[in-house]
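Asks: Kindly generate the complete structure, drawing on both the sequences and the hints.
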Amino acid sequence: MAEVKASMAGNVWKVMISEGDSVDSSQDVVILESMKMEIPIAAEVTGTVKELKVKEEDFVNEGDVIAIIE
Amino acid sequence: MAFEEQHQAMRERIEKGGAEKYHEKNAEKGKMFVRDRLNMLLDDDLNVEDAFFANCVDESLPADGVVTGLGKLNGETVAVMANDSTVKAGSWGARTVEKIIRIQETAMKLEVPMLYLVDSAGARITDQIEMFPNRRGAGRIFHNQVKMSGRVPQVCLLFGPSAAGGAYIPAFCDIVVMVEGNASMYLGSPRMAEKVIGEQVSLEEMGGAKMHCSVSGVGDVLVESEQEAIDYVQKYLTYFPQNFRTQPNEHDPVEPGQFDKTISDLIPENQNAPFDMYELINRLIDNDSFCEIKREFAKELITGLARIDGKSVGIIANQPRQKGGVLFHDSADKAAKFIQLCDAFNIPLVFLADIPGFMIGTKVERAGIIRHGAKMISAMSEVTVPKICVVVRKAYGAGLYAMAGPAFDPDVTIALPTAQIAVMGPEAAVNAVYANKIAVLPEEERQEFIKEKHEEYKENIDIYRLASEMIVDDIVEPNNLRGALTQRLDVYQSKNVQFTERKHGVYPV
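In the order they appear, the protein sequences are chains A and B. 1 is the number of the first residue of the first sequence in UniProt numbering; add one for each residue after it. 1 is the number of the first residue of the second sequence in UniProt numbering; add one for each residue after it.
In short, the hints are calculated from the structure, not lab data. Just so you know, even glycine gets a beta-carbon here, dropped at the ideal spot from N, CA and C. None of the hints are false.
Okay, derived cross-link-like pairs now, DSBU-like style, lysine-lysine, Cα gap no bigger than 30 Å in a straight line: (1) A/Lys-50 <-> B/Lys-210; (2) B/Lys-363 <-> A/Lys-53; (3) B/Lys-210 <-> A/Lys-53; (4) B/Lys-451 <-> A/Lys-36; (5) B/Lys-261 <-> A/Lys-14; (6) B/Lys-16 <-> B/Lys-88; (7) B/Lys-235 <-> B/Lys-109; (8) B/Lys-363 <-> A/Lys-5; (9) A/Lys-36 <-> B/Lys-363; (10) B/Lys-337 <-> B/Lys-72; (11) B/Lys-458 <-> A/Lys-36; (12) B/Lys-363 <-> A/Lys-55; (13) B/Lys-261 <-> A/Lys-36; (14) B/Lys-235 <-> B/Lys-495; (15) A/Lys-5 <-> B/Lys-299; (16) B/Lys-25 <-> B/Lys-88; (17) B/Lys-451 <-> A/Lys-14; (18) A/Lys-55 <-> B/Lys-299; (19) B/Lys-72 <-> B/Lys-109; (20) B/Lys-21 <-> B/Lys-88; (21) A/Lys-5 <-> B/Lys-210; (22) A/Lys-36 <-> B/Lys-453.
Interface residues of chain A toward chain B, partial, derived using beta-carbon atoms under 8 Å: (23) Ser-7; (24) Met-8; (25) Ala-9; (26) Ser-34; (27) Met-35; (28) Lys-36; (29) Glu-38; (30) Ile-39; (31) Pro-40.
Some residues of chain A that are not near chain B, with every Cβ distance over 12 Å (derived): (32) Ala-2; (33) Val-49; (34) Lys-53.
Replies: Next comes the structure, spelled out in structure tokens:
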């Protein structure tokens, strides 16, 4: 089980996955918006999305868990 | 026994290193014997070895636990010191330290690169009076490293532990290659940490290769095996001259690899959308010539050696795919050391800017982002090697300055046609100037107003306007960028400047 974490503080702009989806390690799971930039957050592991912890427009801090992948 | 036989027997005994059980233990961990490492690293074996007989009267300490000498690597002479961890865990006695100091002195006299193959438990406490405090005690090793820094390349291959004081050997090197699982650096062991501060932590967590290469930044290159470390160092040294007085060797020019997408296809028009900067780098450099430093650390900035048309260059590039390419304290710190490394050894620098600025907020202020940013700008300012600034997309705010913008005396500022240079991006600027006005506008007029102001702002910072004002020296079509860099690097070869006259600056470190 692996946690996908926010690499920097920002708003969740787009959520690209749903719980139960299978994802590839290079696949982006969410795109944050911070410093006016789109910040893609990749899954970094291949597996199934067990839990999605954010929704669009949420604010996340660096290190916050975005999703759990099994 | 005749003296020849006696001599031969002693030679064989010393060459074997420590007891068989330590060889076996090392082999289990994927660690090679010190003489095998040297054999793999160098073109041949060591050509000359000194103090082979150090401490030979004590049969338990062959070569006193360290091999020092000179050999050839890529056809050029290098000096090496290599710990033998089969001899008292590679610990330092009085003669170990003296051997290391002497090979450093030799490297300085000959002005050849110094390689440190580190695998040592640290000082032999039983020998402390002889090896620790005196003028030629262990402190002199570090003093010498500082003196050699920038004079000859200093490379550390970290194959095992480097504990306590020993951890400063890697710290003073230009580059530290760490083997995952075996290499570690720490001032106090986990046992000591538990005793002194009540912390329960594993060695890997506290001082392992992965941690140092991705979190602390003390390590530069994370590899999986000793062979991989050796391959990396052999490649790394091809970009460097023997010392600061000479130029890096030129290699045969190689065309970049073949790609489906051109540079124009690659770069999104939307300034805020990410793209992978590695893909741009690969289209600019000779195929297979990228030798990255600190790949795992502060990934929003890429630093690496490469060749363009056969010539060594140092590349510093913002990575929009990571943290939007925003500069952080760690990325600024990473850049500062890389810039110094290239400048010290006559390697021209190419800055590829696509940067929204420096990060803001409490977290980075507490981490000293201003001082780390100042350090990067200071290092970049002082560079006397050819310095090329390419504005790939955006260069906003102090980001323009940090990436060798026009005020920092680059030899040229090149922009791609879609580049934007400004104090801040259109969204932020319109918000800063018109926030009050936008707030009082009727809801239905707001979007229209903002859009209009965005367009006005974009016109104001249009790159052709900046070229007209001679802020950028040239606008180059993306697919001609490699050609432009090749020409520039060729004509700037004779650059000969002194930054300023003084003893040395007071650096914001």
